[in-house]
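A.B. asks: In the working numbering, the protein residues as written are 80 to 381.
Simulated from the structure, these hints should not be mistaken for laboratory data.
No experiment lies behind these values; they were computed from the predicted model shown.
Beta carbons: idealized from backbone N, C-alpha and C, even for Gly.
A portion of the hints provided could be inaccurate.
Unchecked claim - Below are the PhoX-like pairs computed for lysine-lysine, each with C-alpha atoms no more than 25 Å apart in a straight line:
#1 Lys163 / Lys121
#2 Lys303 / Lys243
#3 Lys163 / Lys303
#4 Lys218 / Lys280
#5 Lys218 / Lys303
Claimed, not checked - Here are the in silico distance ranges between beta carbons for each label pair:
#6 Ala157 / Gly101: 32 to 40 Å
#7 Ala157 / Glu372: 18 to 26 Å
#8 Ala190 / Asp136: 49 to 57 Å
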Amino acid sequence: VQFLSDCVGPEVEAACANPASGSVILLENLRFHIEEEEDVSKFRESLTKLGDVYINDAFGTAHRAHSSMVGVNLPQKASGFLMKKELEYFAKALLNPVRPFLAILGGAKVADKIQLIENMLDKVNEMIIGGGMAFTFLKTLNNMIGNSLYDEEGSKIVANLMEKAKKNGVQIHLPVDFVTADKFAEDAAPGTATVETGIQKGQMGLDCGPKSVEIFCASIGRAKTIVWNGPVGVFEFENFSKGTKAVMDKVVEVTKAGATTIIGGGDTATCCAKWKTEDKVSHVSTGGGASLELLEATKYFK
């Protein structure tokens, strides 16, 4: 394998013009060039000169309008094997899921996932909403959440989302108890709270509690198809990782029993790496933002 210290320019073009049969040339990372992210015709023309066929196997950046994604002007274009695998797994879940179909959605802000929640409500039978964005739902639905994460912009659509879930017959599962802390830190002392007691002022919820885990795991146990995007707690902190770990263990269990389980990249894929479960679920997506945008486009999956 021959490595070149750049990815465009006369020297690279010369090296790629007439390589020996069967040789492999590895180019330097495109992202070192700011032109990769700008509409620069010279950069794109140089990339185009390097080959005869364009293969896109970068699912993780397929949602970005960068030069290497959209600016290589070759007559023959195709997807690579990884891209094919990614699209096949998501299509399997979104086009023809074995039911019950469950979405597990976590992360911080409702506003970031409004389109995802909205579209998945047309597809799934049940939905678990955890992580930081669960507190926006809980506050909007008249619960005290203390200093927990609250997304004011996202809160404006919570009532509409809950109404749509009711109309579509989708069961929404929110946390009913919490592991709390007085600060967002690894060494914070864990406390407990429930929906009934509320989270007191000065405290914040950083994980779901044992009763929530029980409800979430029961839902996972019923599912035959699962798409999971976003942890249900601050898994990076040991004291607040137990909820996400319990959900992961249950997802692994149902995978073993025959369910199709898709991990939607990003932080959830990091959880798989942390607990060494990449080969114990059906598919771990290589795309965080890419998988999110694909799931947000579910209306195009008919």
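A.B. asks: Would you mind marking each hint as holding or not holding in the structure?
C.D. replies: Here is what the structure says about each hint:
Between Lys163 and Lys121 the CA atoms are separated by roughly 30 Å; this puts the pair beyond 25 Å, and the hint is violated. With a C-alpha separation of about 23 Å, the suggested pair Lys303 and Lys243 falls inside the 25 Å cut-off, and the hint holds. Simply put, Lys163 and Lys303 have alpha-carbon atoms about 22 Å apart, close enough for the 25 Å limit, and the pair holds. With a CA separation close to 13 Å, the supplied pair Lys218 and Lys280 stays within the 25 Å bound.
Of the pairs offered as hints, the one joining Lys218 and Lys303 is violated, with about 31 Å between alpha carbons and a cut-off of 25 Å exceeded. Between Ala157 and Gly101 the beta carbons are some 20 Å apart, a value that contradicts the proposed interval 32 to 40 Å. At about 21 Å, the beta-carbon gap between Ala157 and Glu372 stays in the expected band of 18 to 26 Å. A hinted range of 49 to 57 Å for the beta carbons of Ala190 and Asp136 is inconsistent with their spacing of about 32 Å.
The structure is inconsistent with the numbered hints 1, 5, 6 and 8, although it conforms to all the rest.
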